[in-house]
Amino acid sequence: MMSLNMIIILRMNTFIRATQVVYNRLVNKGKVKMLALGTAMRN
112 MMSLNMIIIL RMNTFIRATQ VVYNRLVNKG KVKMLALGTA MRN
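Going letter by letter, the sequence shown gives residues 112 to 154 in the working numbering.
Among the hints, a few may not be true.
Straight-line Cα separation of at most 25 angstroms, SDA-like style, residue types lysine to any residue; simulated pairs [unchecked claim]:
1. 144 x 125
2. 142 x 131
3. 140 x 125
4. 142 x 130
Label-pair ranges, simulated between beta-carbon atoms [stated by the list, open to error]:
5. 129 x 152: 28 to 38 angstroms
6. 137 x 115: 43 to 53 angstroms
7. 147 x 123: 49 to 59 angstroms
8. 114 x 149: 50 to 60 angstroms
These are calculated hints, taken from the structure and not from any lab test. The structure displayed is predicted, hence computed values, not measured ones. All residues carry an ideal CB built from backbone N, CA and C; glycine is no exception.
Given the sequences, and given the hints that come with them, work out the whole structure.
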């Protein structure tokens, strides 16, 4: 039972990490787009 719980916890941790990486990439892309828009508006 304990090993099964550990496997489930590890799987959830890896899933959470993967979603965080994807989310961070999306946020960074959004920041770049906002900066590009900001510079375009200034120009």
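Review point. Hints broken by the structure, by number, lowest first?
Key: Violated: hints 1, 6, 7.
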